[in-house]
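Colleague: Sequence:
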Amino acid sequence: MTSSSLPLIKDLLGSLDRESFVTLLSKIIGEARHVQNNPPDLIPKEDRVARHVLDALLPLSTSNSGGPLVVSHISYTEGRGNIIVEYPGSSPGKIISFVGCHMDVVTADPTEWDFDPFSLSVDGDKLRGRGTTDCLGHVALVTELMRKLGEARPPLKNTVVAVFIANEENSSVLGVGIDALVKDGLLDKLKQGPLFWIDTADKQPCIGTGGMIAWRLRATGKLFHSGLAHKAINPLELAMEALKEIQSRFYQDFPPHPQEAVFAFATPSTLKPTQWSYPGGGINQIPGECTISGDVSPADVIKKLQEYVDDINAGIENLGTRGPVSKYVLPDENLSGRLTISFDEAAMSGIACNLNSRGFHVLCKATEEVVGYVKPYSITGSLPLIRELQDEGFDVQTSGYGIMATYHAKNEYCLFSDMCQGFQVFLSIISQLEED
Numbered sequence: 001m002t003s004s005s006l007p008l009i010k011d012l013l014g015s016l017d018r019e020s021f022v023t024l025l026s027k028i029i030g031e032a033r034h035v036q037n038n039p040p041d042l043i044p045k046e047d048r049v050a051r052h053v054l055d056a057l058l059p060l061s062t063s064n065s066g067g068p069l070v071v072s073h074i075s076y077t078e079g080r081g082n083i084i085v086e087y088p089g090s091s092p093g094k095i096i097s098f099v100g101c102h103m104d105v106v107t108a109d110p111t112e113w114d115f116d117p118f119s120l121s122v123d124g125d126k127l128r129g130r131g132t133t134d135c136l137g138h139v140a141l142v143t144e145l146m147r148k149l150g151e152a153r154p155p156l157k158n159t160v161v162a163v164f165i166a167n168e169e170n171s172s173v174l175g176v177g178i179d180a181l182v183k184d185g186l187l188d189k190l191k192q193g194p195l196f197w198i199d200t201a202d203k204q205p206c207i208g209t210g211g212m213i214a215w216r217l218r219a220t221g222k223l224f225h226s227g228l229a230h231k232a233i234n235p236l237e238l239a240m241e242a243l244k245e246i247q248s249r250f251y252q253d254f255p256p257h258p259q260e261a262v263f264a265f266a267t268p269s270t271l272k273p274t275q276w277s278y279p280g281g282g283i284n285q286i287p288g289e290c291t292i293s294g295d296v297s298p299a300d301v302i303k304k305l306q307e308y309v310d311d312i313n314a315g316i317e318n319l320g321t322r323g324p325v326s327k328y329v330l331p332d333e334n335l336s337g338r339l340t341i342s343f344d345e346a347a348m349s350g351i352a353c354n355l356n357s358r359g360f361h362v363l364c365k366a367t368e369e370v371v372g373y374v375k376p377y378s379i380t381g382s383l384p385l386i387r388e389l390q391d392e393g394f395d396v397q398t399s400g401y402g403i404m405a406t407y408h409a410k411n412e413y414c415l416f417s418d419m420c421q422g423f424q425v426f427l428s429i430i431s432q433l434e435e436d
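Numbering (UniProt numbering), first residue to last: 1 to 436.
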């Protein structure tokens, strides 16, 4: 193709059709209740979403009247399929892929929303419902891209591939989604070109994410009447003081990394509590134990955190206290408070995208061309799976066209105008790579 490829592709595929997109998204959001992912209570059935994708694309497939799309539905667990769609190009080894559009969602409590999270509602430019930003809106968007390719049949050198996946929102269950596709080699050929992971937000390249592992700090003391606090070891005070010490040491040992400015991370590595629990009891009863839980990024700090806890235990009488009778050792009873720390087996690894790759450069140019500016950013939130793809040899770049402020939040929505720009970014990416 010549330089005329860019306007040709855009002329052939046009813009995102509102009626077609909203109709498809309405069907998909209507399945959101059934694809909430929070095991063991909520096990999604992603095939409920997949059937709408298949309904849109199978009429344009090789299995139906000689259409150009090659459509595969791959399941490892009943009712929880993945979809791979290919629009074949003419040049072997030239490939572009749009991956990461997942067909499960996080939970939503309808009593806490201002509108029904499990049906699409339209308020002007706003498209509202669970999954509109993360990530069912992207499922509909990439489906529309592949549908337009199937209808217009532009003569491309590059094969364009879309991968719709199951089981992104939970990492405790494996062998269902993209991890199984990679293990079986079904995505190997995507290594030959840039892989765009479409599951972030705000229309800008997301070039870095944080690793994360969950931790639980358990403090054991001595249960006693709160009116006789001098005879107790208060595990709540022990846990608070210990966590303060652990955090202080963590931030000394893990200061901001010089590359954080290059990747525009909003925050450095952090260790923070997010949950607190204890066995229960009366208000006038100092409990015998409690647990503070939270997460830490990066994920490769387990050994260091264990060292902190061991050191605090070894000199627990030197830990800060809270008031004249607060203590963590009862010498007359030969009793000391104690800390233990444990970690989830499943850790999420962060990613630093390759800023020198062709994929990154075309994404930036497309974003600037369509959105009007490009400002790559990084977050210390974790995107599961993509670091594993990078480690397997894929050139992973990430972007998305939902609203970050509504990600996993109540009253989730996206903007149709943002999805329109996302569609044009995809066309620009394809056009630029046709010129290589």
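Hints listed in this document are in silico derivations from the structure and should not be mistaken for laboratory results. All C-beta atoms in this analysis are idealised placements derived from N, C-alpha and C, irrespective of residue type, glycine included. Among these hints, one or two may not hold up.
Have a look at the derived ranges for each label pair, beta carbon to beta carbon [stated by the list, open to error]:
| id | residue 1 | residue 2 | range |
| --- | --- | --- | --- |
| 1 | Thr-111 | Trp-276 | 21 to 29 Å |
| 2 | Pro-155 | Arg-358 | 28 to 36 Å |
| 3 | Asp-116 | His-361 | 38 to 46 Å |
Colleague: Need the list of violated hint numbers for this structure, in ascending order.
Modeller: Hint 2 is the one this structure does not satisfy, whereas the remaining hints hold.
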